[in-house]
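Got chain A; can you put chain B on it based on the hints?
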Amino acid sequence: MKKILSGTLLLGLLLATAALAADQERWLHVSVKKTAPHNENVLVNVPLSLAEKVLPAINVHRLRNGKLMVHHRAMDHVDLRALLEAVRTTRDSEFVTVQSDHQNVRVAKAGGYLLVNVRESRSKKHPREGEPAKPEAPKTVDVRIPFPVVEALLSGDKNELNILAAVRALSAHGDIVLVTVNDKSESARIWIDSKNTGE
Amino acid sequence: MPFSAGFLGGVPAVMLGTVLVGGAALYSAGTVRVAVHEKKPGGTNISLALPAAAVPLALKFVPDRRLQNLPPEMRAFLPAIQIAGRELAGYPDVTLVQVENPHEKVSIVKRGGSLVIDVDSRRETVHVSFPLRIVAAVARDLETSAPAN
Numbered sequence: 001m002k003k004i005l006s007g008t009l010l011l012g013l014l015l016a017t018a019a020l021a022a023d024q025e026r027w028l029h030v031s032v033k034k035t036a037p038h039n040e041n042v043l044v045n046v047p048l049s050l051a052e053k054v055l056p057a058i059n060v061h062r063l064r065n066g067k068l069m070v071h072h073r074a075m076d077h078v079d080l081r082a083l084l085e086a087v088r089t090t091r092d093s094e095f096v097t098v099q100s101d102h103q104n105v106r107v108a109k110a111g112g113y114l115l116v117n118v119r120e121s122r123s124k125k126h127p128r129e130g131e132p133a134k135p136e137a138p139k140t141v142d143v144r145i146p147f148p149v150v151e152a153l154l155s156g157d158k159n160e161l162n163i164l165a166a167v168r169a170l171s172a173h174g175d176i177v178l179v180t181v182n183d184k185s186e187s188a189r190i191w192i193d194s195k196n197t198g199e
Numbered sequence: 200m201p202f203s204a205g206f207l208g209g210v211p212a213v214m215l216g217t218v219l220v221g222g223a224a225l226y227s228a229g230t231v232r233v234a235v236h237e238k239k240p241g242g243t244n245i246s247l248a249l250p251a252a253a254v255p256l257a258l259k260f261v262p263d264r265r266l267q268n269l270p271p272e273m274r275a276f277l278p279a280i281q282i283a284g285r286e287l288a289g290y291p292d293v294t295l296v297q298v299e300n301p302h303e304k305v306s307i308v309k310r311g312g313s314l315v316i317d318v319d320s321r322r323e324t325v326h327v328s329f330p331l332r333i334v335a336a337v338a339r340d341l342e343t344s345a346p347a348n
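Protein sequence lines correspond, in order, to chains A and B. The first sequence begins at 1 in the numbering used here and counts up one residue at a time. The second sequence begins at 200 in the numbering used here and counts up one residue at a time.
For reference, chain A alone in the conformation it holds in the complex:
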């Protein structure tokens, strides 16, 4: 009797593990919703494992074998890897803060993520004569990237971004919202989860 019960429990555990494994596919979702000049919705759902398989086969322009070549003079004088290592080993804090009349930019590290937050404040472009410019809802951009993904992105040669490695690192991560953009007429979101729908 005990043997039968143990066997049943073991079988159930194996089946549950298999079911869990089947559900572990990670999906990249992109959603863009516009209300001006007219309503428009765009939704893209892509399994990350498919992207892993397809990326190495794309060799166009500067994308070769899953790596994006980046050539910029400023990059020649900056050791991004050393910079990233320095950021990674420090405690959570803000690294860059830029404030101006129309825009605030913040780059920070928190909880194992690299955060970039942008706030743009805007005034109504053409106020009536004599009327003060009325502030519009600010445009916000929030980027949240896990550090392992940033490290993977920079794991190639100096002048390249290892997109394939970054996709693999994302696959190993949990559900996350990577990018959020909001303004008066548009909202956009890029996120990863285990659902094959973008809802």
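Hints are computed from structural coordinates only; laboratory data are not their basis. Don't take each hint at face value.
Stated by the list, open to error - Simulated crosslink set (DMTMM-like; lysine to aspartate or glutamate; CA at most 25 Å straight-line):
hint	chain 1	residue 1	chain 2	residue 2
1	A	Lys-184	B	Glu-299
2	A	Lys-34	B	Asp-319
3	B	Lys-304	A	Glu-40
The model shown is predicted, which means the values in this text are computed figures rather than measured ones.
Chain B in isolation, oriented as in the chain A frame:
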């Protein structure tokens, strides 16, 4: 005599069997469906259903010089299209791309073993569906027709 009579009597059975097996093979390979409906009065309505197995075969009748005229940008993506066509069938059904605006609605959906493309605009509706398995085959044939430089 008895031998030839028996032999001749078996020929129709062999022929029927060949047609049935061939038909089953064609059916199992899936169907390419194309439907276009123009929304204006008296507009054109087109509806096609072709065995998917016929598509790679039909490609063999296209002169190589035509296939070699594929835009380089498209040719560069053929290896990726092969892989996507081969791998996508193993994933659950999903809406890959959906675009909606006041002028049209476009969707690209993986459903069962097929890719389904629907366009609904003010002027017309277009529906195209084809088995994913022929995507890899066609992309491979196009790639081998004239390998990239």
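Pairwise hint evaluation, B:Asp-319 against A:Lys-34, where the allowed Cα distance is 25 Å at most | The given pair, whose Cα atoms are some 19 Å apart, holds under the 25 Å limit.
Is A:Lys-184 within 25 Å of B:Glu-299, Cα to Cα?
-> Status holds; Cα separation ~19 Å.
Starting from B:Lys-304, check that the Cα of A:Glu-40 is at most 25 Å away, please.
-> holds, 10 Å
Of the numbered hints listed earlier, not one is contradicted by the structure.
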